[in-house]
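With the hints as your guide, set chain G onto chain D.
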Amino acid sequence: MISPVTQQRGSDQVCFADVHRLLALFAQGLAGRYLHLKLVEPKDAPRGIARMTEEPSIFLPAQIRNFATAQHNLGAYRIAVLHQIGYWVEGTADFDLHHFFAKSSRPVLLRRIFFAVEDLRIDTAIRRRYPGAHADLERVLAHALANRSAISLMPSLPALIEALVQFSLGAPRAALVAGDSSGLLDGLLDAAAAVQSMDADVHDSARVSLAICAQLEYLGSANEAEPPAPAFANTTAAVDGKPDGDFDPGPDDLEHGAALALEFRGDTASDKAFWRRSSRPFATSTREPAPAGGAMTEDNTGHPTLPVRPPVAAVRPREIAGPRSFLYDEWDYHRQTYLAAWCRVFEHRLRGEEFGFIEDVRRRHSTLAHHVRRQFAFIKPQSWRRVRRTSDGDELELDGLIEAVIDRRTGHASDSHLYVRRDRGLRNVAAAFLVDMSASTDFALPGSATVAKPADAAAQAAQSGLYLYGGHDMPEPVFAPRRRVIDVSKDALALMCDALQALGDSYAIYGFSGDGRDNVEFHVAKDFADKLSRKTWGALAAMQPRRSTRMGAAIRHALGKLARETAGIKVMIIVSDGYPEDHDYGTDRTDREYGIQDTARALWEVERAGITDFCVTIDPAGHDYLRRMCKETRYLVIDDVTALPQELTKIYRTLTAR
Amino acid sequence: MRGPIEVPMNRSTLGTQNNSSRLTQEPWYLPLADEVRLFEAAYEARLPVLLKGPTGCGKTRFIEHMAWRLYRQIDSPRRGLEVPLITVACHEDLSATDLVGRYLLSGDQTVWMDGPLTRAVRSGAICYLDEVVEARKDTTVVVHSLTDHRRVLPIEKTGELLDAHSDFLLVISYNPGYQSVLKDLKPSTRQRFVSLEFSYPGIDIEATIIAHESGVDPALALRLAVVGEKVRNLREHGFEEGVSTRLLVYAAQLAAGGIEPRRACDVAIARAVTDDAEVQKSIAAIVDVLLP
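Here the protein sequences come in this chain order: D and G.
Numbering follows the working numbering, with no gaps: position 354 of the first sequence is 354.
Numbering follows the working numbering, with no gaps: position 161 of the second sequence is 161.
So here's chain D without its partners, still in its complex pose:
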């Protein structure tokens, strides 16, 4: 069960990174919903803001190496997950803790007591619900107990609280009571033990906590003059008793209190906010995405919770019509749900005046253009197919022949189409190319500005080496404009168009960019229904770097277009230069994972619609995120961007030669 990565580290420790997915699935299965697994922050890290999250989360340590074997350390992770799931399953999450604590005159003390009692209830429930986890739980509790401070050295009030915590960890009751000098502990433990009943719920924990708290308050008032023992000033006493005798600490102590919480119990004390149901101002949808082409809603549907309808372009009078827009769901991986009608995609027609673009491309890539055409010419012979029931052909078809004989014998008209013929099958392919037009595609290629562009025959001669002998008589070399990532993408697509035209495949070329979820740009250079013309070349040439890379919505829009095609083989090829990003792609702009997960989901929708997807990226770091977005066989990272045209040709051949 332990990954090779963990084993290579040469110890029995188990690292969070290695078991993250395993535990996430484990938690989702048992909790019935996706729970975000997060690392517990180091104790010296600033606390508060980063921890106050509205996502349903489980907090786990970066590694566990407290136990002798990797299996036991993994078991400790599982107990941590089970314990924190318990807050959901056993009803803690539905209890308004904020209100409960706020009503108390000693909120910090009450919280401390409440979680000791509630954790006892949760662990009891774990024993009941998950009998197979019993051994791991006992091991983890014993370890936690062994690391607690000795009660005998504490003042009476912290000692009682610590005794309660240790009781929740499984310390023998008799031993705890024997060391109690206040005479209160026996009664407190009686009260706490009541939550171990099968019928006990969070309200029982709350009632017991209030009762215990009242007892301790009484004791605290009586002991106000008692100075705290110095040995505990930085531990339990910092939370449960202040030097001035006020045992309800301030906010700083409250934050520090989290550091004292038991690791396997998830350091949850300061994070109850995440239990409350989110009040994000948008509707979420737990439904499956609509079938291909059905995830869009009409522009003017208004409320986002309206049912998703098949794609209908915005209905606007022609005279005032701007670009058509469509609404798409977006996948929120934190919640494992779709955000209904979350992104608005504007469809723009690309128009350009550079009609001679293709001639320029052919000239600059004359060898490559020839190579691409030749490669595509090889595709045709692969598509021979046997056509049955033809009127003439290479061989007789046995089934048809038998049926014809039977028909004749029974006096019916027989079919004369009894042959099998080998036909060059018509290619039945529809391909959509989706090109990243984000701002980063404006980056100049290394050395591109120094590539000489032969202006005429003399310059060509110069470039071929004659200048070595021509000396100063040769003309000045003319430098080409700097070549950018987008220029190479455009060249590659132009060469593809040129070759695909000869092949007869149906294809479309789209670009995408955008600026926020309300303005995802989808640029159409050539749609499936468009014939290749001068306008196409002009549109292709007009592709320019624009803004961000909200890939998921663009893929869904392209999916809708591909889904409407009737071809037997459908392919979507995405060409990008980096990971998906947008300023509001997820709640946290630094969270790359949101965009990656949404894109992965969109690609899953593509695959589910029977369409083959493929991602090509020229980002050297592409492996890091592409392996999480696509299957291993469905992406390619190109180190040398100038190799894109050639690689694209290979990819297309492979994907469509079925």
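Worth double-checking, as some hints may not be accurate.
Claimed, not checked - Simulated pairs of lysine-lysine, PhoX-like, Cα-Cα distance not exceeding 25 Å:
#: 1; chain 1: G; residue 1: Lys-281; chain 2: D; residue 2: Lys-631
#: 2; chain 1: D; residue 1: Lys-38; chain 2: G; residue 2: Lys-281
#: 3; chain 1: G; residue 1: Lys-137; chain 2: G; residue 2: Lys-186
Honestly, the hints are just simulated from the structure, not real lab data.
What follows is chain G alone, placed relative to chain D:
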């Protein structure tokens, strides 16, 4: 005189080898809701029935049980029918001819052979087309005329227009889960059927089913039902339908046969529902904590 020609069974013919059931014993079925009463009412009115639900949730067992109730109970006027239920497992090569029948060569003669649908129409049996959307589209043509007021089966090859027996009922099943994208029932077809929707049962009922079908003790059956519920929470991770009741019964049967329950769950559940190694491990972990 030559003997009869042996007709080789091709793929298509094999596909129509239906599971005729004489139903001599009552198939055990635990009702989930009011489906038994609804089916009986539909049968009384001779309304065609569509059974919808995920794989392994009990659709076939239900129709066997209903056929027994309608044809084999002591007071049934239809007890004399030898084969009350004709089941056809539909596949992508199944054509209307396979359902209706064909001429076969026998010596120098041609002999008409009724297909399973025609046999049911003539005899008054229930014809159950399992996973009907898998079949070729031409099958719906013959289904349509049987599912409205006409209740006739046109047999093109013989020129016959066969009136359905008064006891005949057509039942089809359909799994919307994995067939919704590429294959679906056309509205003109689905709106000819009363639709009974099935899903996996709740834990207590599923535990009862597991215990009955496998013979394991009720406590283990309950644990396996809980395993089923939890594993279904992962259905988006490579297996769209979750684990079926059938697989839970398989696991229980293995356990009843002496296999260690965790191992039984590993082979009957974790490895059966997914090829993703990490999901398999997660399922194994869930099983591990849930089983004693």
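Status of each hint after checking the structure:
1. Proposed proximity of G/Lys-281 and D/Lys-631 is supported: the alpha carbons are some 20 Å apart, at most 25 Å.
2. Note on D/Lys-38 and G/Lys-281: the hinted pairing holds, with a Cα-Cα distance of about 20 Å set against a maximum of 25 Å.
3. Note on G/Lys-137 and G/Lys-186: the hinted pairing holds, with a Cα-Cα distance of about 10 Å set against a maximum of 25 Å.
Going down the numbered hints, you'll see the structure goes against none, and every one checks out.
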